[in-house]
Amino acid sequence: GAGVSQTPSNKVTEKGKYVELRCDPISGHTALYWYRQSLGQGPEFLIYFQGTGAADDSGLPNDRFFAVRPEGSVSTLKIQRTERGDSAVYLCASSLTGAGNTEAFFGQGTRLTVV
Amino acid sequence: DAKTTQPTSMDCAEGRAANLPCNHSTISGNEYVYWYRQIHSQGPQYIIHGLKNNETNEMASLIITEDRKSSTLILPHATLRDTAVYYCIVSRSSNTGKLIFGQGTTLQVKP
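One line per chain: the protein sequences are A and B, in this order. Per the numbering used here, the first sequence starts with residue 28, numbered consecutively. Per the numbering used here, the second sequence starts with residue 374, numbered consecutively.
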């Protein structure tokens, strides 16, 4: 596709449930990023993939959050035992290489609501 | 990564230039200055970036002071569609997609 695609666009889940959020990056982009944005705040970095491996997961808030990118393309952010505080817009971005002089392209985000 | 300071909000008249300032006094030599914006309910959008020299593209101009401690994003002829939150971000050259967003500047372009 032409841009970064995220599905679903909206997700409502009950407290304690498990959710998966999907990101399709721009074809050929080796770097992929997940961010979380709470209402009225700037996006907050969660994790960075270079190819298939998580190069930097320092932003994941706790062990309920996990992300994979098994073939170096599509990525899935997984949240276990969801809490109401997990409600936010989850943004995915990709860039050609991730290093030196490149821009990141963001998707429209998945709005997660935990009730 | 160096921290940035931006005004919380600004207004601009449609058709006039919008000048958005940013302070990044702790920037180091290998860090780029990036500007992104976020229109309501959309993902952030890249605008422009620079290291030392001033830069211009079809969207905006970026003026970086000689000591690199501050910069200004210039939208030469603001339109209503430029109403958005503008983020000034300093990012290391080794990982320019790991962006530390602050609160940004909410720019309101008025008719």
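Among the hints, a few may not be true.
[As the list claims (entries may be wrong)] Computed spacing ranges between beta-carbons, pair by pair:
(1) Thr438(B) - Arg91(A): 21 to 27 Å
(2) Arg454(B) - Lys42(A): 24 to 30 Å
(3) Met432(B) - Gly112(A): 17 to 23 Å
(4) Ala126(A) - Gln481(B): 32 to 38 Å
(5) Thr378(B) - Gly30(A): 28 to 34 Å
(6) Thr378(B) - Pro88(A): 33 to 39 Å
(7) Pro88(A) - Gly388(B): 39 to 45 Å
(8) Ser65(A) - Gln481(B): 17 to 23 Å
(9) Gln418(B) - Val39(A): 34 to 40 Å
(10) Ser54(A) - Asn403(B): 47 to 53 Å
(11) Ser398(B) - Leu66(A): 25 to 31 Å
(12) Arg91(A) - Gly388(B): 37 to 43 Å
These aren't lab readings, by the way, just hints derived from the structure by calculation. Note that the structure is predicted; figures quoted are calculated from it, not measured. Every residue, glycine too, gets a C-beta built ideally from N, C-alpha and C.
We went through each hint and held it up to the structure:
no.	hint	result
1	Thr438(B) - Arg91(A): 21 to 27 Å	violated, 44 Å
2	Arg454(B) - Lys42(A): 24 to 30 Å	violated, 39 Å
3	Met432(B) - Gly112(A): 17 to 23 Å	violated, 36 Å
4	Ala126(A) - Gln481(B): 32 to 38 Å	holds, 35 Å
5	Thr378(B) - Gly30(A): 28 to 34 Å	holds, 31 Å
6	Thr378(B) - Pro88(A): 33 to 39 Å	violated, 26 Å
7	Pro88(A) - Gly388(B): 39 to 45 Å	holds, 44 Å
8	Ser65(A) - Gln481(B): 17 to 23 Å	holds, 22 Å
9	Gln418(B) - Val39(A): 34 to 40 Å	violated, 27 Å
10	Ser54(A) - Asn403(B): 47 to 53 Å	violated, 29 Å
11	Ser398(B) - Leu66(A): 25 to 31 Å	holds, 30 Å
12	Arg91(A) - Gly388(B): 37 to 43 Å	violated, 49 Å
Of the numbered hints given earlier, the model fails hints 1, 2, 3, 6, 9, 10 and 12; all others are met.
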